[in-house]
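First to last, the protein sequences are chains A and B. 1 is the number of the first residue of the first sequence in the numbering used here; add one for each residue after it. 1 is the number of the first residue of the second sequence in the numbering used here; add one for each residue after it.
Where hints are given, some of them may not hold.
Cβ-to-Cβ under 7 Å is the rule here; a few derived chain A residues that face chain B [claimed, not checked]:
#: 1; residue: GLN49
#: 2; residue: PRO81
#: 3; residue: ASN616
For the chain B half of the interface with chain A, some residues (derived, Cβ under 10 Å), not all of them [said to hold, decoys possible]:
#: 4; residue: CYS13
#: 5; residue: CYS16
#: 6; residue: LYS17
#: 7; residue: CYS19
#: 8; residue: VAL21
#: 9; residue: HIS36
#: 10; residue: GLU44
#: 11; residue: PRO50
Calculated from the structure, these hints are not laboratory results. We put the CB at the ideal spot given by N, CA and C, even for glycine.
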Amino acid sequence: MEVEISRRRFLKGSVALSVVLGGAGVSLVAKNEEKSPIVGAYGITKTSQEGIEIPTLCEICVNKCALMARVENGVVTKLDPNPLFPKSKNMLCPRGCAGIQALYDPDRLKYPLIRNGEKGSGKFRRASWNEANEYIKEKMVKILDEEKDNRSAFLFCAGEGMAEHTFKTFFQEFGSSNWLNHASLCLQTVVSGYGVTLGGYPSADLQNAQYVIMSGANRAEAIVTPDTMNLFKKTQGRGAKLICVDPRFSHTAAKADVWLPINPGTDLAFVLALTYVVLDEKMYNHKYVEEHFNDFNAYNEHILKNQYTPEWAEVITGISAKQIREIAREFMLYAPKAIYYPGRRSTFSKSDFQLRRAMAIFQALGGGIDTKGGLVFGKTLKLTEHEASSPIYSQAQARAIRKRDDAKKGERGYEDCAIVSGGGSWIGWRNRFLEGKMPYNVRGAFIYKHNPVLNMPNSAKTIEMLKKMELVVAIDTMPSDTVMYADVVLPECTYLERTDPVNTFGGIEPSLAQRNKVIEPLYDTKPIMEILRGLTQKISKPLFEITQKYDDEVRGAIEDSSVEEIYAEFDLTKPFMVSQEELNTHAVAHYPGADKILKEKGVFYPDMEKMYRQINANEYQYYPENNKFYSVNGGKPKTASGKVECKLEKMADLGVDSMPTWKNEFLFVVPEGKFRLLTGRHAQFTQSGTANNAMLRDLMDENYLWINTRIAKQKGIKFGDKIEVSSKVGKTVLRAYPTEKIGHNVLFFVHGFGSQSQGLTLAYQSGGNDNAVIEDIIEPIYGASVMHETNVEIKKV
Amino acid sequence: MAKYAMVLNYKNCINCKACEVACKEENGILLGASSHRIWVGVNEVAGEFPLLSIASSAFYPSQCQQCGNAPCQQVCPTKATYYDKNGIVQVDESKCILCSYCMIACPYDARYVDDRTMTVDKCNFCGDTRLLRGLKTTACQATCPTKVRTFGDMDDPTSEISEILRTKEYFTLKTSLGTEPKLFYLK
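The following block holds chain B by itself, in its conformation from the complex (with noise of 0.2 Å):
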């Protein structure tokens, strides 16, 4: 039993996208523009040359937001999505209908369909591949260059993520919604 959440130093990262080659690597993701369980969000800079606005090309890590309040899980007519013992939303390959319900209620747009295994998909922190080898890393956490993201167990009083969130000042995307994501930006 644990709560399993992310931290992302968002400012760290450089957009390489090496933890979205590690991801499909890893979990065996299938290629494709728009299948993918981890991305990096950038926007156009916005400004006109040479007079451009840094701050406005941030780079924001992203995957999905293993909320403790998951729109797609509670849309799910089959229960393919459910949360599993540790707090990670997941999905069943064998009850997935493809009716795509949680990908139109999924606000962080998180889903997407992977044509081999006819499920919609998305980021379960590593559970069937690395947590299940018993390691304490995602693969977009281990191999990340700038080391942009903490993994670990948010019950654990004493683990490195709950110290940060006790440390650090940080933001949840689209809190407003009550989603109540797992992923943490620090500020």
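With the rest of the complex left out, here is chain A (with noise of 0.2 Å):
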């Protein structure tokens, strides 16, 4: 065998990389203050033979894998995969391999700042901590003393991380209704559709499944562990039949045995009708549909009197009936060991909550719950809690949602949606903020770790909402385009200089592991515990005055008893006057030897030291075979009634399908001459947070317009021609990449390029920012955005 192995590297074409020893980079403030604190900019150094290895765990994604950092002289050399981890399983990404350049980014946050100049215009002055706390504390006194005591005139919001807890307990002690996460940027209708059906969201058992269906998730690219671990040494030909279903050809598809290029948004249909032959011809797994479902006798009527055939699925989706065909049978035959794989991701159409609920049914449909090999729940250890109580503000008012007065029995009850979740909806809210349609004022935001600028569609609208908040407070490690927005900027440290919450993965191999603190924090940077811990203490007294001012109850109180008495109930800082540390070795002191194993080694679970060794040079056994936890209720799902919900009689109340169907407005049109813009992710960046990333831009410094290689020929798009790509609500220019893996009315380009923040040198106005062009569509049950749904149109620039 010959096989040609070329350095050929398209995606780079010719573009040199300006960056290597580019100095200290633009500081926010004023250049020459200080300086990375190690020789040669960011911090790419050969390891050497002197170092200690401290075991930590990653935040450059969600997956929270296990590492070891190699600290050299008091410098971070390398992060190297800790094996002891059952989750990530001996392994570090190229994000987390480059996690070295978030902390020694040049770029970072590095001590306080108060806006000085137009609200966006990236001017700041250094402050120090005190005077940043007294500056939000006047703002507050101001906004709360003319809101008489509302809490909820300050909205929370946050993104992923390990120590979102530790803010989610400033915003539940400090009492407003306002809190807004990434769930309805990200998996909202996935984990609600699995949450309503199966009474969980799964994790799939790929180490063991035979045939699995991915469609509409990239593991090759979107990695998640253990899974694209356990996936791809086993697929073509090598024990697991893989079927992608994707409407571009994705590394997932390169990898795939067959790949089905799906008209984009029409999964549902795709589902319903693997769903038409499993019930049409029977091939269903009797025995489990007879013990654990319920109201299967109105599914199988609903499906087979719609005439969701493969031939009525063929027309909608674009495969053939006969695959279709092919393909429920085969996933039967290989059933109760097939997936048809749940995925983790944002929502790209109107329909994803009924297609969640359509996966789960033909899930079940074969038995594959809770069993090795199909879906699983897993086993989750247990960790102490730490109890915290939350004062009760008599006028603090509820969520700013909005009902629709005149809806009645069986329509959607609220104005963004039909459901309302912990999470909101982003989208939603935001929107009525900016038409003036809240229940009251809200006036202020606390940002942590998160960028709704680039992250939210539509960004012009999320720019002029926090335009026209008095107070936003941005607490995050980089400049982001989000923080550009603030009024002060609190600077927290890296996840490398922090110790966060212990946290407990469940899952077929259950352990508990934690991030350990490597180095000490550079700059004037802190953990999140210790900013707000200072901004509490700031806050606290004066705020319990104006609650005192507005609340007959607290003056009541007081009169019966002391000021000391009841503002002890109301002190802001009790959660934040422990250390992480402490709270840590409460959380496992049920565990033997836990605290202490996981600062030595980052991960314990119960015998592990018994269980726990090396099979080969590349994989280790963390539980043997019998002590995997595959199957923990009984084959059941996890619902109240113990049963695959396939009818669910009181969303119909709210106005939402009581069974998957499919609506014809789901049919999604694209005009002659525009294009359908679809996004997605990267295995080599997460989101916004990686794009100023030196090492991960040396792979690929921005993002490409894949375009049909056809079409770009026809309106002469050559590779590297920049292209304005715009929609309704806004433009963004990148590059073009002429590519064969994409239909003809179909772009793509990967999410998290185009920052417009100055403070970020390298990604500064490189590539495309998708959610510049993406139209805010709000998906109807829970108010997640819809992705997937903007057409567009492009133009050489």
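Hey, can you piece these two chains together into the complex? The hints should help.
Set out below in structure tokens:
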């Protein structure tokens, strides 16, 4: 066999990298104040013989892989996988390896900042922590006094991370009702869809599955542990057949046995047709259905009566009826060791919630629930919760949502969506804020590790919202596009400079893992616990005075006892006066030795020392086969009824179809001359959070617009040409990559680029921002952002 | 004394480039498009949408082949490129005169210029970093999410790599040139 292996790196073209040894970068405050603490910008140094290794957890994406940080003379020189962790299984992806650059990025937020220019101008002055907290206090006191102690006048929002919990504690103590997190920009509909149907969002046992349908998930590029590592050692005739369903030829498609380029957004029709075949030919697991299904007959009748045939689906999905039949039959042949992969991603189309329901039910028809090779719930090791009671503010209003006054039974009850979940509808909330449709004034926002300007559709509106807020406090490590619109910036240290709450990782092989501080925080940065300690010490008493002013009950209570006694209940500092290390010790106290092991090795599970052993150079045993938690519920789903819920009558009352139903309104029309825009993830970048990472930019320095080669040729577009992509809501510019990996009326580019923050030396105006173009379309059930229903035009610039 | 080699189960590769980043961080490799010790070979997929060839889009992780009969070593006029006692083709920074004969001679395009050391550098199996610390894996092997690589000593019949080579089918690249590469790709 002759294989030609070239160094061809077509995505880079001939663009030379200009960052090497680029100096200390642009400082938000002033140049030449403090340089990167190590010699040579971007901290790329050869490892030496002397060093220590500290176990910790990665934070470059959501996976939290275990790693060993090598420290030589106080400098972190290398991040290696920590083989002890069953979830990440002895690996560290490109982003994890490049985490050093997050630590030594010269553009990092280094000290507190207070705005001293127009909002969004990027002009800040350096401040002390005391000054910054004082500034926040004064504005807060004014706003809360004017709003008569309505704590909900402040919005709290956060990105995903191990310390999100600490920030959320602040939100709860503060007493606001307005919490928005990443859920409605991310996996809200998938988690909810599986939750109401199977009683939980299951993991996939890809280690033992023999047949995998992966639709709308891209595990070769959107790396999820341990799924990515388990699956791709088995594909292409080596133990698992992989069916990849994706409108574009992704890296997952490149590893698949079958690639089905589906019409975007029609996955629900595909699953309904698979279900039709299985029901029509009665190939489902009869025993499982009899024992573990609710309303099977109704679902059976619904699918057959609606004639969701493969021929019907072929017209909608573009996948041949023959292939749909084959796949349905094969799936059931391999079941229960067959998986319709749940995936975890943002909402692509309005039908997403029902798609997830249909996927979960299809999976269950094969009996592959809570069993080896199927979807599993696994076991979770318990942590002792740290108790904190939150004060009650009688003047605090409920969450700023709006009910529809005219809604009848069977219609959605809220303006934004049918069901309001814990994470809320970010996009719905933002739009109502701008449209003046709030039940009361919301005048300030605390934003933690979150970049809604780049991460939520219609960036222009998010910017407008931030500009209208009277006090925006951003807590972050990097000067993101969102930080640019802050009034006060509180610099958090990076994950390598702090200990975070110990975490439990459930699954087939459950464990605990802990992020341990590797080095002391650089510059004038702090972990969130200490940031909130300083802030609450400053604001707690002044805010209590406002509560006294407007809260008759509090005044009465003070008269009955004393100010000190009542204040103790309203003391915001309490949860933040302890150290994270102490909290972690407390959380794992019921596992003998765990605290010490977590500090020394980063990972703990009972009997680890007996069960953990190396199998070969690359692989380890965590639990012996018989000790793994494949089945924890006797094969039953985890719903309250213990059954798979085919029909949800209660949801029908809220205006949601009780069973997954295809509607013609799900069909998306692309007018002549326009394109449907798709976005997605990349193995070398995490959303917008890594766009300034020098090491990752060395792999791909900007995102490219995928356009079909034949269309590109017609339009005279060549590789590297600058293209303006525009929609109803905005435009962005990026370079073209003509390819046959995508269809004629579809365009794609990776999310996370196109930053407009001048604080990011490398990422500034590099590539295109998808959310500048994606329209703010709200998914009807949970109010998630619909990412793939925007038509765009293109022109060469 | 050892005879170090590497087996690549290339079908596992998802082209994530963790190997590339780990190599650069471990060995302090200069950033820049053409200055890498390790890479993943890719070709644009064959066919027209939607009829594409999955096989044409395979990913080929690669690096210096550590030839047993290395053209780059043979053409080096200053003996800057040499074999160390473990059979690793090494580069002596102090002897390299940047004549670039080795770059032309290498059929695998594995040599590149490091502007800082003014040396035509290449992969050395982490010989002066990890192996020197007594580790048994290269940075690229250790970090790989799908475990493409197994590094080891071919002279030790009990080593994992020896066992793989005894029991699995494999191929080498440009075998007909007689370079005797020590990177073995599993079929």
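Tested hints:
1. Hint on A/GLN49 holds. Least Cβ distance to chain B is approximately 6 Å, under the 7 Å limit.
2. Because the smallest distance between the Cβ of A/PRO81 and any Cβ of chain B comes to about 6 Å, under 7 Å, the interface hint for this residue holds.
3. Interface restraint check: A/ASN616 against chain B, minimum CB-CB distance 6 Å, threshold 7 Å, status holds.
4. Residue-level restraint check for B/CYS13 holds (minimum Cβ-Cβ distance to chain A is 8 Å; threshold 10 Å).
5. Given the 10 Å rule on beta carbons, the hint for B/CYS16 holds: about 4 Å separates it from the nearest Cβ of chain A.
6. Using the Cβ-Cβ criterion of 10 Å, the hint placing B/LYS17 at the interface with chain A is satisfied: the shortest such distance is roughly 5 Å.
7. Hint on B/CYS19 holds. Least Cβ distance to chain A is approximately 8 Å, under the 10 Å limit.
8. Among the interface hints, the one on B/VAL21 holds; its C-beta lies about 4 Å from the nearest C-beta in chain A, closer than the 10 Å criterion.
9. A distance limit of 10 Å between C-beta atoms decides the matter here; for B/HIS36 the minimum to chain A is near 8 Å, and the interface restraint holds.
10. Checking B/GLU44 against chain A: minimum C-beta separation of about 7 Å stays under 10 Å; hint holds.
11. A least Cβ separation of about 4 Å between B/PRO50 and chain A falls short of the 10 Å threshold, and the interface hint therefore holds.
Comparing the model with each numbered hint stated earlier shows that all of them hold.
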